[in-house]
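There are 2 protein chains.
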Amino acid sequence: MVSSRPTAPWTYARSGVDVRARSKALAGFLSAVRYRPPPAHGRVLAAPGHFAGLIRIGRETIAITTDTVGTKVLLAERLARWEEVGEDLVGCNVNDLAALGARPAALVDTIVCGATDPEVFRAIGRGVDRGLRAARCALLGGETAVVPEIVRGFDLGGTAVGFFPRGRAPVTGARIRPGDRILGIPSSGVHANGFTLIRKLLEESAIDPRLPRPGATVAVGEELLRPTRIYSGVADALAGRPETHGLAHLSGGGVRNLVRLHPKVAFVLDAWPELPPLFRWLRSLGRLSAEEAFQTFNMGIGFVLVVDRAHFAETRRRAVRAGAPDLVEIGHVERGTGVSLPSLGVTYHGYS
Amino acid sequence: MVSSRPTAPWTYARSGVDVRARSKALAGFLSAVRYRPPPAHGRVLAAPGHFAGLIRIGRETIAITTDTVGTKVLLAERLARWEEVGEDLVGCNVNDLAALGARPAALVDTIVCGATDPEVFRAIGRGVDRGLRAARCALLGGETAVVPEIVRGFDLGGTAVGFFPRGRAPVTGARIRPGDRILGIPSSGVHANGFTLIRKLLEESAIDPRLPRPGATVAVGEELLRPTRIYSGVADALAGRPETHGLAHLSGGGVRNLVRLHPKVAFVLDAWPELPPLFRWLRSLGRLSAEEAFQTFNMGIGFVLVVDRAHFAETRRRAVRAGAPDLVEIGHVERGTGVSLPSLGVTYHGYS
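Line by line, the protein sequences are chains A and B.
Under my numbering, the first residue of the first sequence carries the number -15, and numbering increases by one thereafter.
Under my numbering, the first residue of the second sequence carries the number -15, and numbering increases by one thereafter.
It is worth saying that the hints were derived from the structure and are not from the lab.
Among the hints, a few may not be true.
The list treats identical chains as one, so a pair stands whether inside a single copy or across any two.
Calculated cross-link-like contacts (lysine to aspartate or glutamate; reagent style DMTMM-like; alpha-carbon spacing at most 20 Å) [said to hold, decoys possible]:
{"#": "1", "residue 1": "K184", "residue 2": "E275"}
{"#": "2", "residue 1": "K184", "residue 2": "D2"}
{"#": "3", "residue 1": "K184", "residue 2": "E207"}
{"#": "4", "residue 1": "K8", "residue 2": "E103"}
{"#": "5", "residue 1": "K8", "residue 2": "E206"}
{"#": "6", "residue 1": "K248", "residue 2": "D292"}
{"#": "7", "residue 1": "K184", "residue 2": "E133"}
{"#": "8", "residue 1": "K184", "residue 2": "E206"}
{"#": "9", "residue 1": "K8", "residue 2": "E298"}
{"#": "10", "residue 1": "K184", "residue 2": "E61"}
{"#": "11", "residue 1": "K8", "residue 2": "D101"}
{"#": "12", "residue 1": "K248", "residue 2": "E227"}
{"#": "13", "residue 1": "K248", "residue 2": "E318"}
{"#": "14", "residue 1": "K248", "residue 2": "E103"}
{"#": "15", "residue 1": "K184", "residue 2": "E44"}
{"#": "16", "residue 1": "K248", "residue 2": "E61"}
Let the sequences and hints guide you as you build the complete structure.
Okay, structure coming up:
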């Protein structure tokens, strides 16, 4: 039925992101990497489910994570605005460090491009500078590869390295237990996830990103480009405290990222705040089911803290002082498994 | 004169790699990144001229470097051989750590591609595994981005993190002085540098990389793909010794990389070994001047040690035991500046 196609609901998979194919390829890659070095070269620590790796080097524990901005750069290119994705390059990496409670120390960037435009590079640099400032992180190097035969436009990525100040242990989520409260810190927008789907939605409805969506005053492209909020400050202020049981960065995978913190508790998100207008609009534009929307986008909450009930008020105060006055309670932990949004009838089991 | 074009000498710039344009863009980027974090987030240490950055985190000094395999992947694709470039992904990074005397601890990989082919991913994994084994380094994570709108084929990169075992300081080259001897460890081939030029040379002469070059028995593509030799073991064995004054990885920039070690001495390479046939062939294929060849390719020597004259024999023995029995003396340090190859009449001043 051809006539039904324009109203068929979109999914991330239908937009062309075949998560299953990628997982399969990645599994093949990882199955081939079997080598484990001797202890004199550092001791790898398990951080199951986390986006950052941990290694004990000498007398310090180091966290390392790497990520790219993905196809958000295509929108940046369309609008000739590069500062935002420069800032995202920092944000997508340091927020994954923050989810382990690591303090950011150093970032290296990778700019792979088809051509060098000094103005674009300068704008990306301004964004990177802003991100580093927000995260209190140093740029320690980088690589610029100009490979027109491989890359059209830009691919922006980076690797961040963090550490644990004396007396602080990584926050893995292992201490999460029923009764804990779940706090959320609002996102600044869609951050740098789901852009392959977003682009399809804009195309299908022939939306010009230089114009505002209904009800908005700024161009929708500008709204979509808003750089990733950086949660390093709040995470750094709370990570060293025993009542902080878990931290999560809601990037690709949305609220499903919580499952990664602890496989044997239920995260009940029964107080999710009203959806920001941009997310409501995206959902209706794509006829996205609640299930699809919440596992593709952050839906308004970019970072989550799971805290001991007894220290709830105190944690709140500390978070407010550390740069998150807009923190909200979004749920609690129960016996069970998975992540649920009861008012939407959605439950996720497993990470993907 | 059209007829003179086919015999005009090639240069790296003529092949399309505009180093000046890239430097200009990069300078714009770096001029915009001004932020310097407070000491509680780590203390950045200066390592002028080096490809790796250094930061003091808590009680350890950490070295970080990031690099990509570049356009060597295009030859890998043409020959459907992916193990070699997987190994290069490790080699190009750990060798830059080795040049500071850092011991490799962890690598994260970045695979940016247009499509996921499980067989290709598995082969890349096998190569990465071999590289990690040679470097004694752990894979601590990675990112796989499937972005067909941005990338055709594959871009392979990584970031490596190393450290300095107790009592060892970074080897920056600052202690190099006239009278020092210069030792070279042979490369395994062209490693992962200069491939944009190599591809043009093959195209111009309509050379099929699946066939051997004159005098060779294996396909020229196979010779060219040979993975980067990994120098981590030798560097690790020698870096902690006071007589080791400088270490250099001859990657992009060739012997010019030596200038980076010390601006106020002259590196006189008066005993460069006979060029391996592959390099002789490449040079004649492209009518490359000696100056161009030695600043684009490693020309047979992939890693350099600058050592105290008084401990020369001892260093040699240690290097042989640590995995470099083929080590050769290639020159010495004099008063002056720059890098020279007297028998070829070539002198370089400055890095680029």
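Verification of the supplied hints:
Only within a single protomer do K184 and E275 lie at most 20 Å apart by alpha-carbon distance; the minimum there is 19 Å, versus 51 Å between protomers. Within a single copy, K184 and D2 get their C-alpha atoms as close as 15 Å, which meets the 20 Å cut-off; across copies the closest is 35 Å, which misses it. Proximity of K184 to E207 under the C-alpha cut-off of 20 Å is restricted to the intra-copy arrangement: shortest distance 17 Å within a copy versus 44 Å between copies. For the identical chains of this complex, K8 and E103 are inter-copy neighbours only, at 10 Å across copies versus 39 Å inside a copy, given an alpha-carbon limit of 20 Å.
Taking identical chains as interchangeable, the C-alpha atoms of K8 and E206 are never at most 20 Å apart, the minima being 35 Å within one chain and 28 Å between chains. Taking identical chains as interchangeable, the C-alpha atoms of K248 and D292 lie at most 20 Å apart only when both belong to the same chain, with a minimum of 17 Å there against 60 Å between chains. Taking CA atoms no more than 20 Å apart as the test, K184 paired with E133 passes between copies only; the shortest distance there is 12 Å, against 25 Å inside one copy. Taking the shortest alpha-carbon separations for K184 and E206, only the intra-copy value of 17 Å comes in at or below 20 Å, while the best inter-copy value is 42 Å.
Taking identical chains as interchangeable, the C-alpha atoms of K8 and E298 are never at most 20 Å apart, the minima being 44 Å within one chain and 50 Å between chains. Proximity of K184 to E61 under the C-alpha cut-off of 20 Å is restricted to the intra-copy arrangement: shortest distance 16 Å within a copy versus 30 Å between copies. Only between protomers do K8 and D101 lie at most 20 Å apart by alpha-carbon distance; the minimum there is 9 Å, versus 37 Å within a single protomer. Taking identical chains as interchangeable, the C-alpha atoms of K248 and E227 lie at most 20 Å apart only when both belong to the same chain, with a minimum of 19 Å there against 56 Å between chains.
For the homomeric pair K248 and E318, the shortest alpha-carbon distance inside one copy (10 Å) is at most 20 Å, but the shortest distance between copies (67 Å) is not. In the homo-oligomer, the alpha carbons of K248 and E103 never lie at most 20 Å apart, since the shortest distance is 50 Å inside one protomer and 35 Å across protomers. In this homomeric assembly, K184 and E44 never come within 20 Å of each other (Cα to Cα): the closest approach is 45 Å inside a single copy and 47 Å across copies. Taking CA atoms no more than 20 Å apart as the test, K248 paired with E61 passes in neither setting, with 43 Å inside one copy and 44 Å between copies.
Figure legend: structure checked against the earlier numbered hints; hints not met, in rising order: 5, 9, 14, 15 and 16.
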